[in-house]
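There are 2 protein chains.
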Amino acid sequence: MPQPESSEAAAAVKAGENNDVVTGLEPEVAGGRYPAKRAQGQTVEVTAGVIVDGHEKLAVELCWQHERQRKDRTAWMPLNVYDGGGHNDEYVASFTAEKLGTYEFGVRAWIDRWATWQDQFRRRVEGGVPEAELRSERPEGAALLRHAAEAAEEQGKKRDPRRLRACAEALTGGDDEAAFQAGIAELCRDYLRPDRKGGRTPGERPGRVTESERREVFVDPPVAGFGAWYEVFPRSTAGEGSDGTPQHATLDDAAGRLERIAEMGFDVVYLPPVHPIGETNRKGKDNAPTAGEGDPGSPWAIGGTDENGEPGGHKAVHPALGGDDAFDRFVREAEKQDLTVALDMAFQTSPDHPYIEEHPDWYYRRPDGSIRYAENPPKTYEDVHPLKFEGDEASDLWNELKSVFEHWIDRGVTTFRVDNPHTKPFAFWEWCLAELRDDCPELVVLSEAFTRPKIMHYLAQIGFNNSYTYFAWRNSKQELTEYARECFQTNLAEYVRPNFWPNTPDILTDELAEHGRPAHVARFVLAATLSPTYGVYGPPFEHVFNEQHPDREEYARNEKYEVRAWDWHDEDSLQPLFKKVNHIRRENEALQHLRGLRFHETHDDHLIAYTRQARDDEHEIGNLILVVVNLDYEHAHAGGVELPLAELGLPTGAPFAAHDLLTEERYQWQGAWNYIRLDPGQTHVMRLAVSR
Amino acid sequence: MPQPESSEAAAAVKAGENNDVVTGLEPEVAGGRYPAKRAQGQTVEVTAGVIVDGHEKLAVELCWQHERQRKDRTAWMPLNVYDGGGHNDEYVASFTAEKLGTYEFGVRAWIDRWATWQDQFRRRVEGGVPEAELRSERPEGAALLRHAAEAAEEQGKKRDPRRLRACAEALTGGDDEAAFQAGIAELCRDYLRPDRKGGRTPGERPGRVTESERREVFVDPPVAGFGAWYEVFPRSTAGEGSDGTPQHATLDDAAGRLERIAEMGFDVVYLPPVHPIGETNRKGKDNAPTAGEGDPGSPWAIGGTDENGEPGGHKAVHPALGGDDAFDRFVREAEKQDLTVALDMAFQTSPDHPYIEEHPDWYYRRPDGSIRYAENPPKTYEDVHPLKFEGDEASDLWNELKSVFEHWIDRGVTTFRVDNPHTKPFAFWEWCLAELRDDCPELVVLSEAFTRPKIMHYLAQIGFNNSYTYFAWRNSKQELTEYARECFQTNLAEYVRPNFWPNTPDILTDELAEHGRPAHVARFVLAATLSPTYGVYGPPFEHVFNEQHPDREEYARNEKYEVRAWDWHDEDSLQPLFKKVNHIRRENEALQHLRGLRFHETHDDHLIAYTRQARDDEHEIGNLILVVVNLDYEHAHAGGVELPLAELGLPTGAPFAAHDLLTEERYQWQGAWNYIRLDPGQTHVMRLAVSR
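Taken in sequence, the protein lines are chains A and B.
FYI, in this note's numbering the residues of the first sequence are 1 to 692.
FYI, in this note's numbering the residues of the second sequence are 1 to 692.
Extracted from the complex, chain A is given alone in its bound form:
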């Protein structure tokens, strides 16, 4: 044979010594280019597909390492064997995401020589082969045991070598039970590892350790994985004045509402921008092109006069809100109430923003030299100029915007809602969020990108922890089911954290506008039980204020353009519902994870039914919550709901307990189909459990 070919074959032979191949490693995002996400304290379940070109048994090890840890940690990955005894070469183990930041993980796999021999030997013994055949097989097993004993000795061990040699002798003496002694397999797996001292056996398949590619998991604060958000305009927290008109409140007034928000069980209080508001081209009530006398303007038109009478921008607090000191008091009060404060980051400026004078090159110009307004032709937004993220001056702008985050982080805020991130460069976010996290791994950013799916998903890949979604417009049973499946049952759940909002200051859907209270109740329960992270634009929602703008799916008398007064003591408000549901969320782990959602058949198509389940062992029931919502907000509906008992771990031949956590009613159910009747706006949130 010609020499060059021969040597090529030799290289291929060497490559083939691994014998095993890792064909898949999950979680995986975008082919491994971006990390999967987990909130601190959550579990990372890793599944690896590992195949071998023969009948050998494999040892597969999970390894993981936090970016600030020097050594990796490991765990055995058992083969995932199905109930019937079959398998699909999948090995599973998990680790806990203990620290904020990035973990790397991967698997190592090698042929487990003892397990391979043992398996074949067991089949010979059980198959009743002639004693002569067993006699010729035992020496192979004994040789492996002795080799393991030698490796153990090389590592300075005393007891293990004795045990292994004793086992070898027993086997050689014809004691076949010795081959199946507890603990021997684990010792052999460890001492015969090809990458350990003395581990490589002189046997016929040399064997090596296969190392998989590494994948990453990004670990963010618990509130990024499980959180209820409450949005409130601080200027609307004072109520009416003696003349019956709403008073412009300060952050101190707003701080006075925090106890109530905390009582309702929310985790995050989110404030629209708190900065000075521009006066030039200020919008009037209901987005009127010009402001009337005393109109406060949109908080998103940032830039005006600060509390010292100087031009103020993204680092200033509106004087009418009480300025810097009131802000600090607000943050301290929130801390006392165990509430996370979220601020709005809207990177655009009013024509009165100090950047206009200081950095004229940070803006786009029209051919006539004037600064471009924000626009979505044919509409123009004349109270706002977009910033120019490109060009020679861009790096100064990028650093300045990063310093805006840093300013508020220094003031005690690490959670932000980012306005329209998809209209700023992806590269800016990727850079800025990574830089911020170097010093502040607690950072949580919610992306307000109501745009097309691929863009939403990419923003999640490059660093946004949470994302607004299309939930507000998914109303029918089919729409809700399909959308929730996409969010919670596909690979998206590995990196996109949907934050379900039934409303926002920009969104009052026809559904809420037309069907009032029943729709508000149902949509709230859906948001809070479908998704572990959700939010409401609070005051109008809890008071079921559902007056719609005549032309658009948004609020009339929109708080974006005027101060409102809300009745904070309204006895008919949805406050008790908020409190109850948030309490249920905190008490039930099933509602705290992205995975574990199943939809169920119902006899009546107006009833939507689903369970969320959290369990450690698939044969146990764990924490199991059934939600049933009547999607017809005008009529009652009734019929059966089908539960796949065996899948859920519920008893198939015995009754089980259904405890309605909203009403405290308790039922005994039995069998797969159980009867439900719901009035408009009535919902069930039930904990299912094996009866005591």
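A couple of the hints might just be wrong.
One copy or two, either will do: identical chains are not told apart, so a pair holds if it fits within one copy or between any two.
Said to hold, decoys possible - As a list, the in silico DSSO-like pairs of lysine-lysine whose alpha-carbon atoms are at most 27 Å apart:
id, residue 1, residue 2
1, LYS477, LYS580
2, LYS402, LYS560
3, LYS402, LYS14
These aren't lab readings, by the way, just hints derived from the structure by calculation.
Once you have looked at the hints, place chain B on chain A.
This is chain B only, laid out in the frame that chain A set:
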């Protein structure tokens, strides 16, 4: 601001100049690590997800290049706009896989400045903005046009600059229609490309061309994509002797059957191993542990005496089959009949193989020094030794086995069925198949890996063109539907070519054994119309010989261990069905592709119904074949079959033609539900078309 930060931001700004990001590129196999597959002449439809951080319009270009071409070719990728006008940032174009071998493809994307301006201008014009606003926008468009004109001049063009300048003047003069002239957008897209001379505009977003990662497509011969295989034992082609016992045939006898096999419309004739068969430990009839007088042995126990009386192995032809010359005559006759010959590659040896003497190190030894037999404890196969693909001598073995392929390639055979590839090193196949294809891109290898899914799929990734499947054991409607969905409606269809076999010499399922002719007809039609590549182990199948081994799902009087005589003139054989169905396959493109399969609802659950469709335009019907099979082989069944008319391109309010290609019956159907009645073993294979 501190300098180091600033410079980091500058680097990020530069990275952000691309503005657009490619988030997905399909077809993609294993994150791009392995090529997708196409048969020569097939289309590669490429879908790219490309997003931009703003409202800009993108130009996206597909580029592709065969490994032996020096330059790439390109095509525009239009945005895939849905019927309602929405889109999900997906751009689609395709190219034809003209040559055997590997193509690379990728996309380039950049901001299309003119299209962006034009879109915003159109929205202003249509939105009826004031003339003053239009007046300030026109100069921007005109500037882009003039810049394009300059770039065209730099490239030495004459006519295009004139056209662009004229358009700029018209626009400046207030002729807004000029902005929408046909052809202008294409000129601007081309001349304003940022990577072409003069193409980069001095505008405010610098812009660059984004290049995606590259993906590969492996192009193999047409028969790898579409082929009907017929397996026949050449030694069983002679019929009975005068004493009524089956005569051992030669390859000349077998060559005499080729015309008939070709007439039945098969594309590939596949022969079990044709080599000398070992005598030591030869198996007797029905796999008896010892051979009786005159038992011919299993063709897979390779190695014995060749036609010259010398030890012969994988490169020799069994003397009883007529030796080398008869083989060459067989190949020539097959060529004449337009049949592809497929040989069996079984890399193992009988105890009489010449390797045993020449290369004792190519075998595994037991502790007592004897050579190991093939085994699957507690079973041992004493007529066969496995080869040892590892160790010091392995590279010689690997080269030798490669040379076995080369030997038969030199003799005119490029198609092979590989026996149990999953028990040989993956690295061997990856190396060997790549080496062989360097000289022989026509190579087609069918993997006989009846093992777990991940291993089957990995073998397809590393170079096998076709794969045996679990089809034989998928009998119920649900099993067939789920399995076909996995094969033809998931990403597997990009690289695993399923070859559906209802039977093999090792497999006579209970279904075929119990239900005789109706089951044979139905299973044949299912295999041949579900999958573009399929095969039958011919003689027993066409004669509906369904005597099962008493203990196993395999044939009694198995041809693996004895010579059989078949009646080649049996008037009741399934030959007419084979001929008809293979003819239908050749005439109907819908049956020639992996994609295009849809399952349909039926009133009666014993009826399985599906369509296969091939079309260039989703609004046209194209080639549309409906198959309905009665899966109850004992009783007739009847009921409606539902066709999603709009999806299929069938008229919703008018009749359409259903032409049964098996019976030549023609029906006029109307509406989604049409009535079908099928006796046991009866099937419909209908072409649906718009009535003339």
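Looking back at the hints listed earlier, which ones does the structure fail to meet? none
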